[in-house]
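Enquirer: Start from the sequences, fold in the hints, and give me the full structure.
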Amino acid sequence: MNQFPFNPKDSPQIIHELLLRMKVKDAMSRKIHTVSKKNTFRDVQHIMREHKISGVPVVEHDRLVGIISLDDLIRAFDNNYVEDKIEKYITKDVVYLEEEMPLAIAISYFNKYPFRRFPVISKNKKLVGILTSRDILVKLISELDKEISALEEKITVPPVSIDNELNADFLVKRYDFENAGNASSSVKRLLEEKNISPKIIRRVGIITFELEMNIIIHSLGGKIIVNMDPEKITIIAKDRGPGIPNIELAMEEGFSTANEWIRNIGFGAGMGLPNVKRFSDEFEIQSEVGKKTVVKSIVYLNKE
Amino acid sequence: MPELKLKEIVNTIHCNIITEGEKDFIENIVASSLISDVLIVDKENILLITNLASPQIVRTADMIGANMVLLTNGKVVPEDMHKAAKEVKIYLLQTDLMLFEACYKIGKLYFEKK
Numbered sequence: 001m002n003q004f005p006f007n008p009k010d011s012p013q014i015i016h017e018l019l020l021r022m023k024v025k026d027a028m029s030r031k032i033h034t035v036s037k038k039n040t041f042r043d044v045q046h047i048m049r050e051h052k053i054s055g056v057p058v059v060e061h062d063r064l065v066g067i068i069s070l071d072d073l074i075r076a077f078d079n080n081y082v083e084d085k086i087e088k089y090i091t092k093d094v095v096y097l098e099e100e101m102p103l104a105i106a107i108s109y110f111n112k113y114p115f116r117r118f119p120v121i122s123k124n125k126k127l128v129g130i131l132t133s134r135d136i137l138v139k140l141i142s143e144l145d146k147e148i149s150a151l152e153e154k155i156t157v158p159p160v161s162i163d164n165e166l167n168a169d170f171l172v173k174r175y176d177f178e179n180a181g182n183a184s185s186s187v188k189r190l191l192e193e194k195n196i197s198p199k200i201i202r203r204v205g206i207i208t209f210e211l212e213m214n215i216i217i218h219s220l221g222g223k224i225i226v227n228m229d230p231e232k233i234t235i236i237a238k239d240r241g242p243g244i245p246n247i248e249l250a251m252e253e254g255f256s257t258a259n260e261w262i263r264n265i266g267f268g269a270g271m272g273l274p275n276v277k278r279f280s281d282e283f284e285i286q287s288e289v290g291k292k293t294v295v296k297s298i299v300y301l302n303k304e
Numbered sequence: 001m002p003e004l005k006l007k008e009i010v011n012t013i014h015c016n017i018i019t020e021g022e023k024d025f026i027e028n029i030v031a032s033s034l035i036s037d038v039l040i041v042d043k044e045n046i047l048l049i050t051n052l053a054s055p056q057i058v059r060t061a062d063m064i065g066a067n068m069v070l071l072t073n074g075k076v077v078p079e080d081m082h083k084a085a086k087e088v089k090i091y092l093l094q095t096d097l098m099l100f101e102a103c104y105k106i107g108k109l110y111f112e113k114k
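Note that the protein sequences, when read in sequence, are chains A and B. Everything in the first sequence is counted per the numbering used here, starting at 1 for the first residue and increasing by one. Everything in the second sequence is counted per the numbering used here, starting at 1 for the first residue and increasing by one.
Take the hints with a grain of salt, since some may be wrong.
[What the hints assert, rightly or not] Heads up, simulated SDA-like pairs for lysine to any residue below, C-alpha to C-alpha not over 25 Å straight-line: (1) 199(A) - 101(B); (2) 303(A) - 42(B); (3) 83(B) - 294(A); (4) 43(B) - 254(A); (5) 31(A) - 70(A); (6) 296(A) - 40(B); (7) 126(A) - 59(A); (8) 86(B) - 177(A); (9) 199(A) - 98(B); (10) 83(B) - 270(A); (11) 173(A) - 42(B); (12) 112(A) - 17(A); (13) 25(A) - 112(A); (14) 9(A) - 142(A); (15) 89(B) - 189(A); (16) 199(A) - 299(A); (17) 89(B) - 177(A); (18) 199(A) - 16(B); (19) 199(A) - 298(A); (20) 52(A) - 135(A); (21) 199(A) - 86(B); (22) 43(B) - 265(A); (23) 173(A) - 37(B); (24) 199(A) - 182(A); (25) 23(B) - 193(A); (26) 83(B) - 176(A); (27) 89(B) - 198(A); (28) 223(A) - 145(A); (29) 83(B) - 192(A).
Hints listed in this document are in silico derivations from the structure and should not be mistaken for laboratory results.
Expert: Okay, here's the thing in structure tokens:
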């Protein structure tokens, strides 16, 4: 079957909205190869082969008058009229899309008709493009990419918390030195609002900062999660890889795999993990090559 | 523990005050240009003397609870470093003195009080 791979109505709200917001003209391909009624099936065959396409619109004074598909061409071969002009074989009632239609409507066309491509016409009936389901998917993915980036920007705002509880998580991106320390600064501010002792705040701040820098310098990106209950503060750093080959070595003071430019800006002295352990009451690390690294650090509130 | 006031520091080394902070005194001094070394410090009310001109050094200072950062070697304060100092509300000072000279002059003042 030629069904579109998903139903926009059952999809997440964002996809539904995007497909309503985006027009056919945003996704269609504007590079069109056309023929006139006077061309032969042989001409169509050459165009299809040369441009690797499977449908060629037929135009007359910029107006769309029909379309020749691969199926039509095969039929011409089967019935031996490849050298004939296409004139008398083109279907008059060709199904087309209008450039101002939302993509959601275009998708319904792909489900309703057996065609794999639709010519697109402008308000004044001129042929302006051609739309395939691939065009829609490519456009949708690039728009989703933008939407997700915008959402990620908002994520760093920590959620509101009550009294002596805290629940915050921060996205940390690889090599994002510009925002390095933002998560730790936010954690520090949140703890200050809760009147935690400066000594504890300093320890949690340093732990968070070291872990944040580790994610930025050494991982593919990850997350810092900070939880507080009346008894303790738990800091968890999770990344997406690539994992630590030798944890024992990584825990040794002075061991670092950081490169020259990272050392030049003052990092990479190989003190990170040992320092996290030094300031933690409890410390745990899990890692394996090719897998994510998880570091868990606990600081007790009433253990001075 | 000896305490140095901002005014005493400014009068001694004639540094520029780039941003205003919340606490105008210090009790401990750390001099380093390696963030990792700064993060090991377990003291309070610190003056961090450094020749590293980056927003990260300011954030590091904030993490260890420093009250002031002094940038030496006549380095120009980059825009992002300036912004970071304003954000975390610590004093950012700047001097043409080299790291060693700045340490010597402030150190003399500090240890005489001890």
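Enquirer: Against this structure, judge whether each hint is valid.
Expert: Checked hints:
For the suggested pair residue 199(A) and residue 101(B), the alpha carbons sit about 31 Å apart, so the restraint of at most 25 Å is broken. For the proposed pair residue 303(A) and residue 42(B), the alpha carbon gap of about 16 Å is at most 25 Å, so the pair holds. Note on residue 83(B) and residue 294(A): the hinted pairing is violated, with a Cα-Cα distance of about 32 Å set against a maximum of 25 Å. Note on residue 43(B) and residue 254(A): the hinted pairing holds, with a Cα-Cα distance of about 22 Å set against a maximum of 25 Å.
Straight-line distance between C-alpha atoms of residue 31(A) and residue 70(A) comes to about 19 Å, which keeps the hinted pair within the 25 Å bound. As the CA atoms of residue 296(A) and residue 40(B) are separated by approximately 19 Å, the hinted pair is consistent with the 25 Å bound. Under the criterion of a C-alpha separation no larger than 25 Å, the hint pairing residue 126(A) with residue 59(A) is consistent with the structure, at around 9 Å. About 18 Å separates the Cα atoms of residue 86(B) and residue 177(A), which keeps this hinted pair within 25 Å; it holds.
At roughly 32 Å between alpha-carbon atoms, residue 199(A) and residue 98(B) are farther apart than 25 Å, so this suggested pair is violated. Pair hint residue 83(B) plus residue 270(A) does not hold up; C-alpha atoms about 28 Å apart against a cutoff of 25 Å. Of the pairs offered as hints, the one joining residue 173(A) and residue 42(B) is violated, with about 28 Å between alpha carbons and a cut-off of 25 Å exceeded. With a C-alpha separation of about 21 Å, the suggested pairing of residue 112(A) with residue 17(A) holds against the 25 Å cut-off.
Between residue 25(A) and residue 112(A) the CA atoms are separated by roughly 20 Å; this keeps the pair inside 25 Å, and the hint holds. Among the hinted pairs, residue 9(A) with residue 142(A) is consistent with the structure: their alpha-carbon atoms are about 20 Å apart, no more than 25 Å. About 11 Å separates the Cα atoms of residue 89(B) and residue 189(A), which keeps this hinted pair within 25 Å; it holds. Using a Cα cut-off of 25 Å, the hinted pair residue 199(A) and residue 299(A) holds, with the two alpha carbons roughly 11 Å apart.
Between the alpha carbons of residue 89(B) and residue 177(A) the distance comes to roughly 20 Å, so the proposed pair stays at or under 25 Å and holds. About 30 Å separates the Cα atoms of residue 199(A) and residue 16(B), which puts this hinted pair outside 25 Å; it is violated. Proposed proximity of residue 199(A) and residue 298(A) is supported: the alpha carbons are some 15 Å apart, at most 25 Å. Of the pairs offered as hints, the one joining residue 52(A) and residue 135(A) holds, with about 15 Å between alpha carbons and a cut-off of 25 Å not exceeded.
Restraint check: the Cα-Cα separation between residue 199(A) and residue 86(B) comes to about 23 Å, which is no more than 25 Å; the hinted pair holds. Note on residue 43(B) and residue 265(A): the hinted pairing holds, with a Cα-Cα distance of about 24 Å set against a maximum of 25 Å. For the hint pairing residue 173(A) with residue 37(B), the CA-to-CA distance comes to about 24 Å; that is within 25 Å, so the pair holds. Pair hint residue 199(A) plus residue 182(A) holds up; C-alpha atoms about 20 Å apart against a cutoff of 25 Å.
Distance hint between residue 23(B) and residue 193(A) is fulfilled; the C-alpha atoms sit about 18 Å from each other, no more than 25 Å. Proposed proximity of residue 83(B) and residue 176(A) is supported: the alpha carbons are some 17 Å apart, at most 25 Å. Taking the CA atoms of residue 89(B) and residue 198(A), the gap is about 16 Å. The hint holds against a cut of 25 Å. Among the hinted pairs, residue 223(A) with residue 145(A) is consistent with the structure: their alpha-carbon atoms are about 20 Å apart, no more than 25 Å.
Under the criterion of a C-alpha separation no larger than 25 Å, the hint pairing residue 83(B) with residue 192(A) is consistent with the structure, at around 21 Å.
In the structure shown, a violation is registered for the earlier hints numbered 1, 3, 9, 10, 11, 18, in ascending order.
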